[in-house]
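The numbering of the sequence shown is my numbering, which starts it at 1 and goes up by one.
Careful, some of the hints might be misleading.
Claimed, not checked - Pairs of lysine to any residue residues, derived as SDA-like cross-links and limited to a Cα-Cα distance of at most 20 Å, are as follows:
(1) 215 with 301
(2) 314 with 241
(3) 361 with 269
(4) 219 with 303
(5) 200 with 135
(6) 136 with 167
(7) 172 with 333
(8) 175 with 332
(9) 118 with 92
(10) 270 with 288
(11) 314 with 136
(12) 103 with 338
(13) 147 with 238
(14) 37 with 59
(15) 135 with 160
(16) 197 with 285
(17) 270 with 320
(18) 177 with 241
(19) 225 with 308
(20) 200 with 107
(21) 361 with 285
As the list claims (entries may be wrong) - Listed next, with one range per pair, are the computed distances between beta-carbon atoms:
(22) 136 with 172: 17 to 27 Å
(23) 57 with 188: 51 to 61 Å
(24) 228 with 64: 17 to 27 Å
Hints are computed from structural coordinates only; laboratory data are not their basis. The structure displayed is predicted, hence computed values, not measured ones. Think of the CB as a built atom: it goes at the ideal place given N, C-alpha and C, for glycine as much as any other residue.
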Amino acid sequence: MEKKNLIQEKLIENIALKDKPNFQDNYKILTHCPYCKFKLIKRGKRKKKYEEIQTYYCKNCNKRLISQITKGKTYPLRVIIDVLTLYNRLYSYERIPELINEKYGLVITPRIISDWIKEYSEYVPFIRMREFAFKKYSQKELIEEVKLIHQQIYDFKYHRAKLDIILNEDFKHYKFKNLAEFLELAAAECPHQIFQKETKRASEFKNLFNLNEVKIIPKNNFAVKTANFVVQSVSNNKLRHEVLQDFMLSNDSVTVATEVAILLDSNDLKHYKHELNFEVPIDLEDEEYLTGHIDLIQVRNGSIYILDYKPSAKKQKPIEQLTIYALALSRLTGIRLYHFRCAWFDDKNYYEFFPLHVVYKLRNKKKRLPRDQQKIM
Numbered sequence: 001m002e003k004k005n006l007i008q009e010k011l012i013e014n015i016a017l018k019d020k021p022n023f024q025d026n027y028k029i030l031t032h033c034p035y036c037k038f039k040l041i042k043r044g045k046r047k048k049k050y051e052e053i054q055t056y057y058c059k060n061c062n063k064r065l066i067s068q069i070t071k072g073k074t075y076p077l078r079v080i081i082d083v084l085t086l087y088n089r090l091y092s093y094e095r096i097p098e099l100i101n102e103k104y105g106l107v108i109t110p111r112i113i114s115d116w117i118k119e120y121s122e123y124v125p126f127i128r129m130r131e132f133a134f135k136k137y138s139q140k141e142l143i144e145e146v147k148l149i150h151q152q153i154y155d156f157k158y159h160r161a162k163l164d165i166i167l168n169e170d171f172k173h174y175k176f177k178n179l180a181e182f183l184e185l186a187a188a189e190c191p192h193q194i195f196q197k198e199t200k201r202a203s204e205f206k207n208l209f210n211l212n213e214v215k216i217i218p219k220n221n222f223a224v225k226t227a228n229f230v231v232q233s234v235s236n237n238k239l240r241h242e243v244l245q246d247f248m249l250s251n252d253s254v255t256v257a258t259e260v261a262i263l264l265d266s267n268d269l270k271h272y273k274h275e276l277n278f279e280v281p282i283d284l285e286d287e288e289y290l291t292g293h294i295d296l297i298q299v300r301n302g303s304i305y306i307l308d309y310k311p312s313a314k315k316q317k318p319i320e321q322l323t324i325y326a327l328a329l330s331r332l333t334g335i336r337l338y339h340f341r342c343a344w345f346d347d348k349n350y351y352e353f354f355p356l357h358v359v360y361k362l363r364n365k366k367k368r369l370p371r372d373q374q375k376i377m
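Take these sequences, add in the hints, and give me the full structure.
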């Protein structure tokens, strides 16, 4: 038991070290010119007041480029992102500079914070909810955060205030109160011992379902805009994933949870197959489980959205993984699958589909004859 605790403490320590800020080569690497799509080459670094950034050269356009949209800004983009997040986590103009100085050793002022909030307001729509959250919730109560040690460490986070506002300001979302109850209990009631064992993972399934009646709809979604803003501030793929999740949870107006643990057992599959007549070609033995962790859960437009951030989203099609997530969350919350939508995205593309269309196919009904013809027959 002591050895297991030491391993868990080491994993948590490694996560903390990995998140230690380092501005050296800290931006997303560019590979192709955004103007002509020609392959770029690295051409030295540009020194700024607080960081060094990689510069690129396009032989075709004869242009020098950098990867960030904060061109001309004194402070690193990662610092700006952290300030926006701290503000929407209910920290004051006076406290934020202290926290930034502790983390980065940089000096900022309340005036700078105010200017950034105005300049980047399009990326932080939670600001319109902030006043309500500030009156009703403390900083500690605002977001529930728990590290789940499930083979690897997952940062489960649940925005209690945001979901409260969403459920109460729009009547069509009231039917999702079971989701709030589930998320409140997600950490305390989670059977961690199951996730710490070797189980079948939702992400392992490929080419499982009949997709004949499934429409994959590309959309211009706000998640793409947010990803384009955030992911360029971090070069490490794994850390980029985490930074994006935290930013969306803290700053957008619809993301209510991240890294939500889900599972299905044999009884759940029997329910779907035999009681609802769903086509779910998965078999589990008794005491066997199918597990996974949902990247992002959103509530908007009268539906619950299950989102997965996938770098190079255009080349991927995680239908099986997301459908299994939807089946599991529907079963765990008691909310009909009809109310769920699934999507995956990156900083350029967003694709959406209905999981119900994956597992339930409309049967061709025979046309009913008029009454007079029925009598003749």
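Evaluated hints:
no. : hint                     : verdict
1   : 215 with 301             : holds (19 Å)
2   : 314 with 241             : holds (17 Å)
3   : 361 with 269             : holds (17 Å)
4   : 219 with 303             : holds (16 Å)
5   : 200 with 135             : violated (44 Å)
6   : 136 with 167             : holds (15 Å)
7   : 172 with 333             : holds (17 Å)
8   : 175 with 332             : holds (15 Å)
9   : 118 with 92              : holds (16 Å)
10  : 270 with 288             : holds (13 Å)
11  : 314 with 136             : violated (41 Å)
12  : 103 with 338             : violated (45 Å)
13  : 147 with 238             : holds (16 Å)
14  : 37 with 59               : holds (11 Å)
15  : 135 with 160             : holds (14 Å)
16  : 197 with 285             : holds (15 Å)
17  : 270 with 320             : holds (18 Å)
18  : 177 with 241             : violated (28 Å)
19  : 225 with 308             : holds (15 Å)
20  : 200 with 107             : violated (48 Å)
21  : 361 with 285             : violated (26 Å)
22  : 136 with 172: 17 to 27 Å : holds (22 Å)
23  : 57 with 188: 51 to 61 Å  : holds (54 Å)
24  : 228 with 64: 17 to 27 Å  : holds (21 Å)
Hint check: violations occur at hints 5, 11, 12, 18, 20, 21; the rest are consistent with the structure.
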